[in-house]
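The sequence shown begins at 1094 in the numbering used here and counts up by one.
Quick caveat, the hints were computed from the structure, so don't treat them as lab data. Treat each hint with caution, since some may be false.
With a straight-line Cα cutoff of 27 Å, these simulated DSSO-like cross-link-like pairs (lysine-lysine) come out [said to hold, decoys possible]:
1) K1901 / K1985
2) K1362 / K1470
3) K1255 / K1204
4) K1951 / K1835
5) K1290 / K1255
6) K1680 / K1614
7) K1738 / K1846
8) K1803 / K1739
9) K1803 / K1890
10) K1564 / K1479
11) K1680 / K1630
12) K1738 / K1786
13) K1579 / K1481
14) K1803 / K1612
15) K1751 / K1564
16) K1579 / K1667
17) K1846 / K1891
18) K1846 / K1926
19) K1846 / K1675
20) K1481 / K1667
21) K1837 / K1951
22) K1197 / K1212
23) K1479 / K1628
24) K1677 / K1835
25) K1381 / K1448
26) K1215 / K1176
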Amino acid sequence: MKNLNSKFIAILLFCLVQTSFGSNNLNSGSSSSENNLISNDNAAISSQSLVIDTKNDTLTADGGVKFQYEGLKLQAFGFKRDKESNMVTALGDVRIELGDGNNKARIDSPKTLLYLDDKILKYYDSTSYIEVGSATNALAPNDKIYFGGEEGIYENDLFTLKNAWFTTDFNFLNTGDYKDAGYHLKTKEIEVIPDNKAVFHDVNLYIGDSNVAWFPWYAVNIRQGSKVPLFPVWGNDTDYGFYISSGVNYGDNDSKYFKGGIAPKFSDKLGLLVGRFENWYDLGDYGKGLVTADDLLVVKKDSSIDNRWDLTGNHEYTNDNGFLKLNFQSTTVNQISSLEDYRDDLEDDGYYDDKDRDDGDAISFVTLDSEFKDIGKQKDITVNAKIKLLAGGEDAYEQLVDDQMDDASFGTELDHKLYTALDFTKDNEDYTVSTYYDYLKDLDPGSTSDEDDDQSRRENFGFAFNLKDSKINFSYDHKSGDKFRKLRSWERFPDLDDITDIEYIPWSVSLYDTDDSDKIKLSLGEYSLADATYKIKFDSERSEKELNTDNDSFRELGSSNNSNFNTRDQQYNKEENIVFSKNKEDKVATEFLYNQYRLELTSGKTREESWDREGIYNYDDFEENDAYNIYINESDFAQIELEDKKLNLGSLGSLGLKYNLRYDDYTGGYDSEYGSNNGGDSSLRNQFNIQHKITFLDNTSNFFRDIDLKLDNEFNYFNQSYSYDNGSRDGDSEYNGEVRLKNKDTIDEFKDKITLELGNTKTIYNVGYKQSYDGYDSDVKNEELFNNSIDFLVNDKKKLNLYYDLDKRYTRGELSSSGYTFDDEYNDLTNSKFGGSYYLNDNYRLYYSHETIDYTLKQNGIFDITDINYNKNANASADEDVSEDTYGLEIKNDLDIYNFTYTHASDERTDDDTETFDIKNDVFGVSYLNGGDVEHYYSGTYGIYKYGPSDDLEDYSVDQISFKYEYRDKRFTEKELKSYAASEYNKDSSEISAVEISRIKQILNERNDNQLDFNLTSIMSQEMSTPEYKRYFKLSLMTEVHREAYRQNNDFFESMKELEADIYGSYKRIGIGYTYREEADFDSNYVRDVTDRENEFRLKAGIGKPSQGWNVKLTYKTDLDDEDEYGIYLGKEMGYYEWAIGYTKDYDSSDDTYEDSLAIQFTLLTFPDSSIFGVGYNDDNGSMSPQIWSGSGVEIEDPDTL
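Turn these sequences into a full structure, and let the hints guide you.
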């Protein structure tokens, strides 16, 4: 609230009359049709037909003089200044408005005086209001407090009224006489501090004309966001027993560091608490914030009582270079009801039989979001930070997450990440320095479908600098964490949680439990050598990966169906051959540059360790020589690389050439067959790379061309080959060579990209082919990879995309001293993909994808894969075929979006000619969003999940059906607009004109309160806005049907394994919802047995006209364990107040225990969150006690969806 001081009449008369008009030497009245003036102090003055009398120091206007200065608006029909007393008198009625949209105040007075020297405003027989809805959550028309008096003084942001009155009953506006209000307070003096408090002295309470009570003092908190009770409140609670609390506000609106309040609270069960503490502070250029404390237990009644508090703090800072938002919260478990309930369940299950339960444990969070750029003296620093960390209570928070995971159903996505992301960069013309830190801990790993959500833990950090003149560069990067991969459609199914300890069905599983690396790079500048330059570089790299070998729960279950199902293939990551690798390399290089030519000479040391399980499928223990073989190679190496970056071939394009030769002198090593070795052998690696670019056609230089035509081609070829020399090393040369070059490939790779531009069309074709062979024996194929794609674009918008990829892997089994298991390689794994997308226009997209995975396992025998009589399946000890087809259609039409998808997936496995498992999933999905002011959203899925072939596996076969519909009506009907306008203009709805409807529509849409104009009617006829109502409806249904049970009994309802239904609708102020959940198991005869059932009903309604209707809130919840919860709230709004009955009951029919509370409560609707008083009782298993509440009562929690 701005201080009046020199903000209005003083500026008006001194700046306007003395300066503006005096300088024009006006000695007679003058007028104009419109006057808009700006004073030297940025005061805005406007009027119609302004008349200025410089002789008598008066300023008048028939339409009133409008004046605005910063947050203050003033309007009067004229002003007169007395020079001797330096006092300004307003002529006629005066209206003063001050404050912003959340705390607007207004004064109407027939007589107003301004003392310019003392900067005091006096007004008489006034009627005033302050809007408090934002502070109290009150709805119009109960969002204002009204007051007035015989004499009012406004000085230094303080209203003081003598012989005053106060009410929150807006009905007195009909007559303008406060005595016509349902109630009012008559007081000797009222002190009102906007956005702070209203204090009353010597107060008499009148109900109608009757004086019913006297208070020596009373106070109301009207500070926005404040929850400090300034008048005593008391009540009774299960945790607190009897409690009472009262507090004070401190600081004024100009206080920078200490503005807030504190309310001690006494509890006869707990002791002394700080019921509420809050402090706002403003550090100016360093930002502002708020610190709060709720129910902070400072003096315990008994040492055995658990700690209790709820503390928060937030700080915000913004400038032209960025922002900072810092938040802290610490809450004890006993302040989180859902966590207390979860711990109660754990205690019932015996979890705390051998450990202490301390509900005084605190969960503490720190969050930070900050971005700054161009800071520092040189404006060369950028700093970013995003933090969400637990400062304490990790075990308690994990229990909270576990509770949510336990309630999650198939398809649910959760996300509980703790993270820190910090980076700092200083970049100027002399140097660049940067550092970063990136930390992640995901408490529900794999719980989202986001492709980027691929880690459960991470700790990365690094540092780099670059001296630009000397070109000295250094960087260090450390990465530590794991790696997750997405589950495919045939790997996810609804009842996964039936056969695993995982309490929810994940979207991802771990691929690598460890995925770490360290990299150091150092470049010691550039130096001249004749016409060339050279630089010296040092690089060091460490890496470590450990494969996750957890079993797929369903595949593990399949082993009970087929004893021949090998150990390895039950794992999620069965296809990976390397279960552990640990490598390090240190090297020094000298690089020479001359034009486009480059020469690099390198020497260094390497150590490579890998745990390889190629050809190993069955083992008893996960250890060396059983589940994997270990290979370690250590070497000193020298390397030379030559490059011509761009050889110009004229019309034949350009050519890039690179050749690399590396020599490794092995100094030691290890293999599982023979153990350690001292080296003496060597290998040679050759790499050759060619890149050719050419433009075959380009007519852009032809200004007379009929159509643009351009044809480009980019070709790449890469070759890598190895040779091995056993040298002085003992042992079999072939085996030694295979070990040294294990997992090193001879490669031939071709890539080509063709780009054709014709007019406004573009065609891009990419093709690649790669063959990989054994590094030691180049006649043995390891992999064959083919991929190609084509894109058609029109006006740079994609119209058609087609692709086909083929990846074949080959193996010869396990390597031993006698060679590989098989003399010839065979194709054990083939992955093929093809599909595409067709864009009919910007609105239509049709897509299709097909993927197959063929997996073949041979564990013994010798065969020739070139033999035309070779039959893969006949010789295979195991064969698995996976197939997935996805069809989709997406249609966008303005605000409407249609989606249709169908996915078919299958996974069939046989071991030794016996079927191990058979998975067939079909999922149909459709959704439609009809957008706009009225939104309809439909979505439905039908999933068929079939498993076999054994009865045990078939028992997991289900059909899942889900449907959801949502309706949102955000329009205003003609009737509703008339209702709003009737309240706005105080008319009957039948009298509302089209112009007034148009105006109210603008108000509702824009809510624009920044214009200078305002009407000249008094407070008595101003608008009484009603809430903006919405229509909403939601219906959702999900059911799982046990397929075998349905086949046996042909009864849909008796075959349901799970059912969840939810319906909710709201119209205007009425919302009603019902949720039903049920789970069941089946015995060997497929007779259904319900294991869990919950019913939940919820209703929240405001019936009738706002401020004169009924408020109803009902909640009811029951489950199969005979635990029932009830909540009933029935309130009748009587204009400015409400009488209500509140009742709650918790009942356990299994042991016939209960607890209930009832209260009759009175609430002023201007302060809807706190009852003025309540009378009732608490009953704990027949032990009844009467209760009186003040400032509180029986609370019925709002249903989550309302």
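Checked hints:
1. Taking the CA atoms of K1901 and K1985, the gap is near 39 Å; set against the 27 Å cutoff, the hint is violated.
2. Distance check on the hinted pair: K1362 and K1470 sit about 58 Å apart at the alpha-carbon level, beyond 27 Å; violated.
3. The suggested pairing of K1255 with K1204 holds, with an alpha-carbon distance near 15 Å, which does not exceed 27 Å.
4. A threshold of 27 Å between alpha carbons decides the hint, and for K1951 with K1835 the separation of about 20 Å falls inside it, so the pair holds.
5. For the proposed pair K1290 and K1255, the alpha carbon gap of about 17 Å is at most 27 Å, so the pair holds.
6. Using a Cα cut-off of 27 Å, the hinted pair K1680 and K1614 holds, with the two alpha carbons roughly 10 Å apart.
7. Restraint check: the Cα-Cα separation between K1738 and K1846 comes to about 19 Å, which is no more than 27 Å; the hinted pair holds.
8. A hinted pair counts as satisfied when its Cα atoms are at most 27 Å apart, and K1803 with K1739 qualifies at roughly 22 Å.
9. Our distance criterion of 27 Å between C-alpha atoms is met by K1803 and K1890, whose separation comes to about 18 Å.
10. Pair hint K1564 plus K1479 does not hold up; C-alpha atoms about 32 Å apart against a cutoff of 27 Å.
11. Simply put, K1680 and K1630 have alpha-carbon atoms about 8 Å apart, close enough for the 27 Å limit, and the pair holds.
12. Restraint check for K1738 and K1786: satisfied, since their Cα atoms lie roughly 12 Å apart, inside the 27 Å limit.
13. For a cut-off of 27 Å, the pair hint linking K1579 to K1481 stands: about 25 Å separates their Cα positions.
14. Pair hint K1803 plus K1612 does not hold up; C-alpha atoms about 43 Å apart against a cutoff of 27 Å.
15. Taking the CA atoms of K1751 and K1564, the gap is near 25 Å; set against the 27 Å cutoff, the hint holds.
16. The suggested pairing of K1579 with K1667 holds, with an alpha-carbon distance near 15 Å, which does not exceed 27 Å.
17. Proximity of K1846 to K1891 is assessed by CA-CA distance (about 17 Å); at most 27 Å being required, the pair is judged to hold.
18. Of the supplied pair hints, the one linking K1846 and K1926 holds, its CA atoms being roughly 20 Å apart against a limit of 27 Å.
19. For the hint linking K1846 to K1675, the alpha-carbon distance of about 36 Å lies beyond 27 Å, and the restraint is violated.
20. Taking the CA atoms of K1481 and K1667, the gap is near 36 Å; set against the 27 Å cutoff, the hint is violated.
21. Between the alpha carbons of K1837 and K1951 the distance comes to roughly 23 Å, so the proposed pair stays at or under 27 Å and holds.
22. A distance of roughly 21 Å separates the Cα atoms of K1197 and K1212; the hinted pair therefore holds under the 27 Å criterion.
23. About 38 Å separates the Cα atoms of K1479 and K1628, which puts this hinted pair outside 27 Å; it is violated.
24. Pair hint K1677 plus K1835 holds up; C-alpha atoms about 16 Å apart against a cutoff of 27 Å.
25. Annotation: proposed proximity of K1381 to K1448 is violated, straight-line Cα distance about 43 Å (limit 27 Å).
26. For a cut-off of 27 Å, the pair hint linking K1215 to K1176 stands: about 18 Å separates their Cα positions.
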